[in-house]
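Protein sequence lines, in the order shown, are assigned to chains B and R.
Residue 314 in the numbering used here sits at position 314 of the first sequence, and the numbers go up by one each step.
Residue 152 in the numbering used here sits at position 152 of the second sequence, and the numbers go up by one each step.
Heads up, some of the hints might be wrong.
Pairs count within a copy or across copies, as identical chains cannot be separated in the list.
Here are the computed lysine-lysine pairs in the DSSO-like style, where the Cα-Cα straight-line distance is at most 30 Å [unchecked claim]:
# : residue 1 : residue 2
1 : Lys-59    : Lys-185
2 : Lys-269   : Lys-365
3 : Lys-48    : Lys-320
4 : Lys-139   : Lys-260
It should be emphasised that the hints constitute simulated quantities derived from the structure, not laboratory data.
Number of protein chains: 2
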Amino acid sequence: MNKNNGRVYNFSAGPSMLPLEVMENVAEQLTNYMGCGQSVMEMSHRSKEFEAIIEDAEKNLRNLMDIPENYKVLFLQGGGTLQFSMVPINLLKKSKKADYIVTGTWAKKAAAEAKKFGDIKIVASSEDTTFSYIPKVKKEDFRADADYIHITFNNTIYGTHFGYIPETGDIPLVADMSSCILSEKIDVTKFGLIYAGAQKNIAPAGVTIVIIREDLIGFAPAETPTYLDYKVHAENGSMYNTPPCFTIYVAGEVFKHILKNGGIDPLNKLDVEKAGRLYKFIDESKLYNCPVQEDSRSLMNVVFITGDADLDKKFIAEAKAAGLVNLGGHRSIGGMRASIYNAMPMEGVDALIAFMKKFEEENAK
Amino acid sequence: MNKNNGRVYNFSAGPSMLPLEVMENVAEQLTNYMGCGQSVMEMSHRSKEFEAIIEDAEKNLRNLMDIPENYKVLFLQGGGTLQFSMVPINLLKKSKKADYIVTGTWAKKAAAEAKKFGDIKIVASSEDTTFSYIPKVKKEDFRADADYIHITFNNTIYGTHFGYIPETGDIPLVADMSSCILSEKIDVTKFGLIYAGAQKNIAPAGVTIVIIREDLIGFAPAETPTYLDYKVHAENGSMYNTPPCFTIYVAGEVFKHILKNGGIDPLNKLDVEKAGRLYKFIDESKLYNCPVQEDSRSLMNVVFITGDADLDKKFIAEAKAAGLVNLGGHRSIGGMRASIYNAMPMEGVDALIAFMKKFEEENAK
Ligand SMILES: Cc1ncc(COP(=O)(O)O)c(C=O)c1O
Ligand SMILES: Cc1ncc(COP(=O)(O)O)c(C=O)c1O
Ligand SMILES: [Mg+2]
Ligand SMILES: [Mg+2]
Ligand SMILES: [Mg+2]
Ligand SMILES: [Mg+2]
Numbered sequence: 001m002n003k004n005n006g007r008v009y010n011f012s013a014g015p016s017m018l019p020l021e022v023m024e025n026v027a028e029q030l031t032n033y034m035g036c037g038q039s040v041m042e043m044s045h046r047s048k049e050f051e052a053i054i055e056d057a058e059k060n061l062r063n064l065m066d067i068p069e070n071y072k073v074l075f076l077q078g079g080g081t082l083q084f085s086m087v088p089i090n091l092l093k094k095s096k097k098a099d100y101i102v103t104g105t106w107a108k109k110a111a112a113e114a115k116k117f118g119d120i121k122i123v124a125s126s127e128d129t130t131f132s133y134i135p136k137v138k139k140e141d142f143r144a145d146a147d148y149i150h151i152t153f154n155n156t157i158y159g160t161h162f163g164y165i166p167e168t169g170d171i172p173l174v175a176d177m178s179s180c181i182l183s184e185k186i187d188v189t190k191f192g193l194i195y196a197g198a199q200k201n202i203a204p205a206g207v208t209i210v211i212i213r214e215d216l217i218g219f220a221p222a223e224t225p226t227y228l229d230y231k232v233h234a235e236n237g238s239m240y241n242t243p244p245c246f247t248i249y250v251a252g253e254v255f256k257h258i259l260k261n262g263g264i265d266p267l268n269k270l271d272v273e274k275a276g277r278l279y280k281f282i283d284e285s286k287l288y289n290c291p292v293q294e295d296s297r298s299l300m301n302v303v304f305i306t307g308d309a310d311l312d313k314k315f316i317a318e319a320k321a322a323g324l325v326n327l328g329g330h331r332s333i334g335g336m337r338a339s340i341y342n343a344m345p346m347e348g349v350d351a352l353i354a355f356m357k358k359f360e361e362e363n364a365k
Numbered sequence: 001m002n003k004n005n006g007r008v009y010n011f012s013a014g015p016s017m018l019p020l021e022v023m024e025n026v027a028e029q030l031t032n033y034m035g036c037g038q039s040v041m042e043m044s045h046r047s048k049e050f051e052a053i054i055e056d057a058e059k060n061l062r063n064l065m066d067i068p069e070n071y072k073v074l075f076l077q078g079g080g081t082l083q084f085s086m087v088p089i090n091l092l093k094k095s096k097k098a099d100y101i102v103t104g105t106w107a108k109k110a111a112a113e114a115k116k117f118g119d120i121k122i123v124a125s126s127e128d129t130t131f132s133y134i135p136k137v138k139k140e141d142f143r144a145d146a147d148y149i150h151i152t153f154n155n156t157i158y159g160t161h162f163g164y165i166p167e168t169g170d171i172p173l174v175a176d177m178s179s180c181i182l183s184e185k186i187d188v189t190k191f192g193l194i195y196a197g198a199q200k201n202i203a204p205a206g207v208t209i210v211i212i213r214e215d216l217i218g219f220a221p222a223e224t225p226t227y228l229d230y231k232v233h234a235e236n237g238s239m240y241n242t243p244p245c246f247t248i249y250v251a252g253e254v255f256k257h258i259l260k261n262g263g264i265d266p267l268n269k270l271d272v273e274k275a276g277r278l279y280k281f282i283d284e285s286k287l288y289n290c291p292v293q294e295d296s297r298s299l300m301n302v303v304f305i306t307g308d309a310d311l312d313k314k315f316i317a318e319a320k321a322a323g324l325v326n327l328g329g330h331r332s333i334g335g336m337r338a339s340i341y342n343a344m345p346m347e348g349v350d351a352l353i354a355f356m357k358k359f360e361e362e363n364a365k
């Protein structure tokens, strides 16, 4: 337990920690938002109160990420998973070919889903080393007539992150940024489409942000389910149907909170410092190891192992008892994973390192 | 304003009022749910805390609606709108024919969407009288080889409601119950599939309840987008991907609240009393009229007009100033609509009637 009202440090890969200040404010306004006599949970999405909420959320996100005017920002339901389908359905517009770089479980799922809709080529994969690094890919590696290239910018399960933006020339680059959005300044103009489930750095689960260049909108086949057509959402300001209003509101509050604290730069500085301390400790320790190649390491998901599955289990259980929860690796690979998203304070990382040190002493061989 | 902490009476058609007691409890637990040190907004969907939340929500809904064992209960994203697509994609399994009864805007949209996927016949429509009644349909009116029949049980915009359940024999009956679920006891076994967006009687927008008979699951074509296959969700307890956890939690809290107060029967009694008082007042008044045929009137959405569009506008504005908000009819038809869902207390209806009386006196011709 820490000093934040008996709250634990939650290292979950998502849904995950949100800024306490934002949640306290949301709680305070829960039954009566800004004196309007209604909860945001109860508000008509056509009311002027909610219209201001969604417009501000978009404006503040544009401001935070420097999103150019020729990109639409959409707030959608269905998670990253629905984007695995919507991307190929909408973007396979000409050759029906797309190239995928497979750097983990989510990238693999995205590629497998796309195969339902077109000719998908895996141009690079790091599966041979259990996804322990990000392959270096050059423009020549892509098919010249591909409709788009897809990458998973941060790999939540394997703890890797693209240290570079692949050069794709005129071919639109699509990136799943679910687990790293808002953790670093990125040049949006280098991408045709960016998507991100909110449940790591932004908000509770239930809304997915899509940032899409306007010229890519409008190519879904006629028989596309209406909800899966970007054009429908783009033309209706994400209000073709009832949006997940409350979740969008919390996202907007997080955007305001980040802006108030200086935007992405100071946040990234803190993220670099947090991850840096943790990786340094792991690298120097005898007990713990990080299987990820140094140039490919994620700032958000720090994966480590002791090399002894039983000891890993003991670690996770004792950490939990010490108020450091959800340190288990993804159920598909085991080991440990500390997800240290934007809302994880430095104190949480320091508490984790202190615990790791103590555990190492107690379990020295 | 009423006495509930400066809250207004909100007659919105959805999202709409939620029980104050539930919201107060949610607010109290917002940063630390039941002492676990995390907000439900931050909880891993794989945590034992959230698993208990979603299991309880399902169990309590089964209990409230007497849902038989051979039906699955799913918590999905995408709203009623995504169900307009998922129903035909999954249920057009043999003849690829389905029959729709068109009783309003949503029914029409559902039918139009289904036409992308099969041979859809409108077997009855009340569009000729601006949807002022529910057509009486007999078994002989349906195509004998139809894969399913679709109805909109309560028509949110036109204020109508099916006073009967159409006899369809062996053909599965599908009902959109978005705007009436939990307002009356219904016999689930008469339906093959029931769906309902949560944002009227259940929870904030962002989750849709699907109740589906097991034998109807598993027939989506191979190229169906993964998220749109009921089988995927059914086999994974609505956790194939990250569900909208917080919204499901609030839904579960509403289910508990209804159970605590005796289940659906007392709620229905109150709903009948609320709607009854309002319709009686409208029918007896000289100024106001309800365009809906008596046997087709909704308990949830009470539509009325003065017959003078300017006077309607004045009514809506003055009502708002008096703390009775969102009384405007749907933007497609104008007039007035008082949505009096489960969470609208009798006092709200009485306050509305008192206001209507006063407005009528002041505006007598
Ligand atoms: C990088 C990435 N992409 C996609 C997903 C899937 O998102 P969702 O569960 O919202 O469908 C996840 C889930 O954790 C993820 O980490
Ligand atoms: C009866 C009915 N069905 C479907 C919908 C559409 O639901 P959503 O906006 O969640 O897609 C509505 C919306 O109000 C409705 O009233
Ligand atoms: Mg991964
Ligand atoms: Mg080491
Ligand atoms: Mg309608
Ligand atoms: Mg009258």
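Going through the hints against the structure:
1. Taking the closest pair of Cα atoms, Lys-59 and Lys-185 come within 30 Å of each other only inside a single copy of the chain (17 Å); across copies the shortest separation is 45 Å, beyond that limit.
2. For a Cα distance limit of 30 Å, the shortest separation of Lys-269 from Lys-365 qualifies neither inside one copy, at 37 Å, nor across copies, at 70 Å.
3. With identical chains, the CA atoms of Lys-48 and Lys-320 are at most 30 Å apart between copies only, with a shortest distance of 13 Å across copies and 44 Å within one.
4. Proximity of Lys-139 and Lys-260 under a CA criterion of 30 Å is satisfied in neither setting, with 39 Å inside one chain copy and 63 Å between copies.
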